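Counting along the sequence shown from 1, when you hit position 9 you're at 9 in our numbering, and nothing is skipped either side.
Just so you know, these hints were derived from the structure itself, not from any lab.
This structure is a prediction, so every number in the text was calculated from the model and none was measured.
The beta carbon of each residue, even a glycine, is placed where N, CA and C say it ideally should be.
Be aware that one or more of the hints could be misleading.
In silico lysine-lysine, DSS-like type, Cα no more than 25 Å apart, as pairs [unchecked claim]: (1) K232 to K202; (2) K202 to K109; (3) K48 to K98.
The calculated label-pair distances, taken between Cβ atoms and stated as ranges, are [claimed, not checked]: (4) D149 to Q27: 26 to 32 Å; (5) R43 to D235: 31 to 37 Å; (6) L142 to P85: 32 to 38 Å.
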Amino acid sequence: MRLNHLLPLLICFTSLAAPSGEAVYKQHCAACHEQDNPRIPRRAVLEKMPVARILRTLDYGAMISVAYTLTHAEREAVASYLGTPAEATALSATAYCKDRAVHLSGTGKFQWNGWSPTADNSRFQRSQAAALSLDQVRHLKLKWAFAFDGDITAFSQPTILDGYLFTGSAGGMIHALDPETGCVKWTFDANGPVRSSILAVKDDGRFVLLFGDQNGWFYALDSAGGRLIWKKHVDEHDAGRLTGSPV
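Using the sequences and the accompanying hints, generate a full structural model.
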């Protein structure tokens with residue numbers, strides 16, 4: 001009989017101990033997300049995002065400086081309170097190129113590899129390499145646009161080499177794209193948001209893509225298909241971020 005009475009009490013106390021997502025939101029989030037600021041997503045936007053994406057942002061994304069005082073249970077509670085239970089949708093088959101092969105030679109005339117086309121970090125592209133005049137720049141028109149699923153920011157500078165485009169995303173996805181059409185060659189899912197640019201280097205007869213994420217991981221991918229060659233957790237601190245681009 002004692003056990004029968006004790007069980008409901010345990011369940012009751014467990015329920016009381018569980019953090020309230022609504023309470024966490026009101027105390028730590030509402031002050032920013034309830035205001036009209038074009039730089040801050042409104043609550044209505046957050047409610048359309050997957051729970052996993054919100055939790056990822058709290059754990060090691062843009063909100064880590066705000067969420068570091070919260071317990072993991074509180075982060076899970078507020079993410080579940082705000083977001084949708086559905087996971088981020090996979091790319092449509094029509095988003096992929098018919099020819100998904102990637103063959104880098106490093107001999108292309110037009111390229112921007114890493115943070116700057118030259119090692120001095122000038123971030124200047126000569127007119128011969130750009131193949132654009134000032135007058136042409138004034139008349140450029142949108143050819144295509146590519147949306148990163150579930151993301152509301154984009155901060156990874158594209159790398160262009162031999163007619164291929166490589167870029168990271170706030171959702172941690174690396175994309176290899178055809179710069180002519182925007183179709184996808186391949187994707188790779190990193191452990192955290194990717195802010196750095198991607199550097200392509202030749203190693204043992206193949207081109208390797210090097211980059212870091214905002215969860216302290218550094219990666220080397222095979223450029224041909226996005227296969228992981230190796231990765232290393234170079235900063236294990238909870239707030240550790242890799243934002244600098246490889247040289």
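Check the structure against each numbered hint from earlier and tell me which ones fail, lowest number first. Hint check: 3 fails alone, others pass.
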